[in-house]
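Here the numbering used here is used: position 37 in the sequence shown is 37, and no number is missing along the way.
In short, the hints are calculated from the structure, not lab data. In this text the structure is predicted, and so the values were computed from the model without any measurement.
When the alpha-carbon atoms are kept at most 27 Å apart in a straight line, the in silico DSS-like pairs for lysine-lysine are as follows:
1) LYS97 / LYS317
2) LYS97 / LYS374
3) LYS404 / LYS97
4) LYS442 / LYS424
5) LYS424 / LYS322
6) LYS184 / LYS197
7) LYS404 / LYS311
8) LYS311 / LYS97
9) LYS374 / LYS322
10) LYS176 / LYS191
11) LYS170 / LYS250
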Amino acid sequence: MAKKKNSNNKNKKHAKAETAVHESQPDTHTKESAAEENAEEAITSEDGPTAVDGGEEVAEEVEVLQETGVDSPSSQDQGVQTEEKVSEGVSDDSRVKELEEEVSKLRLANEGVEQLQKELEQTKESKEKIQVQYDALLARIGSMKSVFTKMKEHELELEETKDQLEQYEKQNFQLKQKSQHFEKENSELSKTVELLKTEGHDLNAECDRLSAELRNLRSEYDSKDSGYTSEKSQLESINRQLSSQLERLKQSNEEYIVTIENNKNVNMSLNNEITTLQDQISELNKVIKQLEADGESHLNERSQLQAKYEKLSNEFKVSSEKHVESLNALQTELQSSSDKYEELVNLNAKQRDDCARIPQLEQELKEKQLQIGKLRHEAVILNEHLTKALQLIKKNSASEQVDKELVTNLFISFLTIPRGDTKKFEVLQLISNYLGWNDEQKLQAGLSHNTSSRVNSRESFVSLWTEYLEKESS
1 MAKKKNSNNK NKKHAKAETA VHESQPDTHT KESAAEENAE EAITSEDGPT
51 AVDGGEEVAE EVEVLQETGV DSPSSQDQGV QTEEKVSEGV SDDSRVKELE
101 EEVSKLRLAN EGVEQLQKEL EQTKESKEKI QVQYDALLAR IGSMKSVFTK
151 MKEHELELEE TKDQLEQYEK QNFQLKQKSQ HFEKENSELS KTVELLKTEG
201 HDLNAECDRL SAELRNLRSE YDSKDSGYTS EKSQLESINR QLSSQLERLK
251 QSNEEYIVTI ENNKNVNMSL NNEITTLQDQ ISELNKVIKQ LEADGESHLN
301 ERSQLQAKYE KLSNEFKVSS EKHVESLNAL QTELQSSSDK YEELVNLNAK
351 QRDDCARIPQ LEQELKEKQL QIGKLRHEAV ILNEHLTKAL QLIKKNSASE
401 QVDKELVTNL FISFLTIPRG DTKKFEVLQL ISNYLGWNDE QKLQAGLSHN
451 TSSRVNSRES FVSLWTEYLE KESS
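Given only the sequences and the hints, what does the whole structure look like? Please build it.
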């Protein structure tokens, strides 16, 4: 709802700025009054989340007026005054709460950017998968085209075999007609033979001659008949082969027709899938463009938040140093009070008359201990925020960059700690881990000569830093 209000206010302000520009052409005095009224309305009517956003909107109105031609110095001075008023209206809450809010904003911004990057990668992966499916469909369509060409060739071969079969059937019919003709001739010859036998009694010589001719004719007939029968059997076998081949071709033709129908259906479904995939690709391209635009806007917001975070981190360091100083002061007070308590215990053994003061001192000691516990709790919370801030700094900055203030504080604490104290070795170990010393540098600094006193190298920099701060606070 706040974003909608801000957008409505921005649209109203831009409309007012345009009206101010149109009214500024005849009179310069109206330009100045319109700019002042728009600036005052921007300050008084702003109900956004922070006053800084109102200042930014007023600055945007001033820029719009400058772009449209309102260049009077009074409008610029009025924009500067409005920015100063907005900057003076910033709330002066505690720095710790502001730091926590800025850290949460940074986390949300980083999570939003990472989520957008993940969605962008997922859309790119889905686009690549759809592209692979599209290529596979194109390959399948190419293979189907080759199958269609082969089927057309088989159809041409089938038509040729049909033509050959018709020719063979015609030849078979002609041969059947010839065989019938020869059978008729054979019957006629048999009739002539019978007539010759009846007339053979009178004409023996002629009968002998005719019988010889008959034998010759019979031999010729037998040879011709055997040739015709063999040719007939060959033609019948050829006819059977052609008929079987025709049946096979008919079956294959039917199968090809069925496959053609199936391929047509598959082709239609593939075309539908291709159209749907193309629509999905176009939608995904639109989504990718939208996500890229959103990612750029989020990166700009992230850079702005990073600048604010650096500013607040510096302020947090100063406040944390103050808390550490107050904690040290309370520790000294606690030490002095504990010394006083011991003195009072010793005096109690000597002078029992002063027993009335012991409960009062114990109460003061408990109060001091409660204060110290609260300060320790605050120091632990500050240490956690500091470790999170250091992790964010290490993520967002280069690995070779070093915080000068942190290193100087470490060296000063190293030099101020007495020689026999174990904290001196821990601070030196922390410096080596932070600066990334190698084994030779650690050996020169005196960190690697004794294996029993080595700190585990697997401990991270953040864990060492938190332990050091806890020991310092205790």
